[in-house]
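Residue-level listing of the chains:
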Amino acid sequence: MTHKIKRLLFAVLVTIYSVNSYSTEAEQWQEAASIAVTAVVAPYTTVKLSTNEITFDVRGEPGEYYSNEEVEVTVGSNQSTWSVYVDASSLSTNNVEIAALPSSRLAYAVDNNKEYQSLDKKMLFLQGVAAQAPRPVKLRFRLTTTWQDAPGTYKGNITFAFLNNP
Amino acid sequence: MKLLFKIALLLLPFSVFAGMMNFTVSPAIVKFETVQGSVKAFDLNFFNQGKDSLQIVVEVMDLTLDAHGVPVITNASKKSHQWARYVELSKDSFKVDASESKSVHVTLKTPRGKLGGGYFAISFNATEVASKKTRKPSQNTMSIGGQLPSLFIGEISRTGTRKAVVTSANINKAPYTSEHPLKLRYLVKNIGTTHINVDGDILLRDGKKVLDRVRLESGSGLILPEGSRYFTGSWQKANNHTGKKVLAEARFSYPSGRLIKKLEFSVP
Amino acid sequence: MKLSLASSKLALLLISIIPSLVLSTGEAKIDVRVQADIHSSMHMQWQKLSERDERYQQARVKLKMESDWILLPYGLYVELQTNDVNKMVALRIDDLISTDKKRTITKDQFYISINGGELYSAIEDLPLLSPNDRGVMKKQILLFILKVKPSNYAGSYAANFKFITNTLP
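These protein sequences, in sequence, are chains A, B and C. All the letters of the first sequence, read from the start, carry residue numbers 1 to 166 under this note's numbering. All the letters of the second sequence, read from the start, carry residue numbers 1 to 268 under this note's numbering. All the letters of the third sequence, read from the start, carry residue numbers 1 to 169 under this note's numbering.
Treat the hints with care, since some could be wrong.
As the list claims (entries may be wrong) - Chain C regions said to be covered by chain A (calculated; three or more residues, Cβ under 8 Å):
# : region
1 : 28-34
2 : 40-46
3 : 83-91
4 : 128-141
What the hints assert, rightly or not - Within a straight-line C-alpha distance of at most 25 Å, the following computed DSS-like cross-link-like pairs (lysine-lysine) qualify:
#  : chain 1 : residue 1 : chain 2 : residue 2
5  : C       : K162      : B       : K95
6  : A       : K48       : C       : K29
7  : C       : K139      : B       : K51
8  : B       : K91       : B       : K102
9  : C       : K29       : A       : K138
10 : C       : K162      : B       : K102
11 : C       : K29       : A       : K121
12 : B       : K91       : C       : K162
If you are wondering where the hints come from, they were derived from the structure by calculation, not from laboratory data. Note that the structure is predicted; figures quoted are calculated from it, not measured. We treat Cβ as the ideally placed atom computed from N, Cα and C, and that holds for glycine.
Same shape as in the complex, but just chain A (with noise of 0.2 Å):
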């Protein structure tokens, strides 16, 4: 009996002796200084093109060809608003007796859009705002020759340019 008693008064002993710890512990520190934290989320911005080239094959009589690929850009960014731009370069072949494409010949449909927007400048075709789950967009390229184009093969840029806006 007495075994046991001095058992349970032990136990109660260190519970107490732990609470105490514990609150004395507490007691013991004292606020000394704060330091501020700031957690950095750098800005980025994510950005995937389904191909890298895309061509016309430009075999019948002049007129408006489509070409052979689509291209699907797919954006993430977490800044404030983003814009996206295309803008083309004119299409030139290695003769140079043979005269270049201006980039007015180009033109792109978004998705579904069954409207054509030149590319004789640049042009604003997609914006996206912060948080914003990324959607691939796709867009249809066209190219507009006339019977003054000489045979050969002509080459240039489709150049899409990705702007942050803080």
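Take the given structure of chain A and dock chains B and C to it, following the hints.
Relative to the frame of chain A, chains B and C by itself:
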């Protein structure tokens, strides 16, 4: 009394006698080198760019160039440098629908002992596919078709000799104006065994003094063996040198060769 | 101590701002290559003209020919266009053959007038489109004239016309 002579050309009914053709053959010109006794293969692609079906007949023909560089396609022969007789086709006729393309495989069995250049043309002769309603077997018709040849310009490697001569030099008649300038025309003949591309210019002198330099025009300047080609230079400033005695030194160059032809004339 | 802490805060704040500024003032660009293969193209279109056709009449008015020659009562209206500077088109006419295949009128008796202008013999191919015409739509009215010989027989004849397209090598 004159006999009235009537010739009636039988024709299809007016309403159907309209046609359109739009086709292309690729490649249009094939330049190649080959080895004696070897087999060389090519593929030609015929594309019907029009809206109607076409019936095509393919033939292998001889190829020469006239003095203006225009291809002359004639029936296959045994003339030197004509290789039409060594060529076989995978098909000699076919039908091609609108916006459709068909290919023809061309096989050349390069002859032995025929050194230098060899030439031939594959001629595609197109006619519209006649419908059963418009064609009556008993009635002859005025037919219209199109022909588009693909030119083959070949050489047995490192066996051809390149040599040319100027066979004539002429000046056009005065008076000379800006619309009708003084022109010098030369005829250059290829006496080698393979084709050459020739270009040149004319140096115009009055004694030792150089009056002008004029470029000779002749398209690509290609001349096949045994063929000749005109080279023409226009001197716009002739009227600035009235009364002078001018020495025109025409200088031609081609791979491994040069030619000079001098011509003296007085500017009226 | 306080000053150093403030400096730290400022430093951290600046660090968090500057990358955003950099991205907002600059652009990221990606190029997509474009290649367009334009092939040689030739357009040929024709239409037979009756002598009542206005275009036939316009050309006929200008035509000069001998009185004993025969102007055929039909012409040909031709439209030609190409984008290729090395292409040219000519018209070739074969000998005329009677419908019973027994008679021939050789093509040296056959002449063609373009838009009522001078006569060209059908012995040689008649140039209709030259390299200088590249890109241009050429519209021409062709009239056909026969120089009849006493040895020619009257009757019905058939003719073959062919547009020859050549590429200049």
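Status of the hints after comparison with the structure:
{"no.": "1", "hint": "28-34", "verdict": "holds (count 7)"}
{"no.": "2", "hint": "40-46", "verdict": "holds (count 3)"}
{"no.": "3", "hint": "83-91", "verdict": "holds (count 3)"}
{"no.": "4", "hint": "128-141", "verdict": "holds (count 4)"}
{"no.": "5", "hint": "C:K162 - B:K95", "verdict": "holds (18 Å)"}
{"no.": "6", "hint": "A:K48 - C:K29", "verdict": "holds (12 Å)"}
{"no.": "7", "hint": "C:K139 - B:K51", "verdict": "holds (20 Å)"}
{"no.": "8", "hint": "B:K91 - B:K102", "verdict": "holds (10 Å)"}
{"no.": "9", "hint": "C:K29 - A:K138", "verdict": "holds (18 Å)"}
{"no.": "10", "hint": "C:K162 - B:K102", "verdict": "holds (22 Å)"}
{"no.": "11", "hint": "C:K29 - A:K121", "verdict": "holds (16 Å)"}
{"no.": "12", "hint": "B:K91 - C:K162", "verdict": "holds (22 Å)"}
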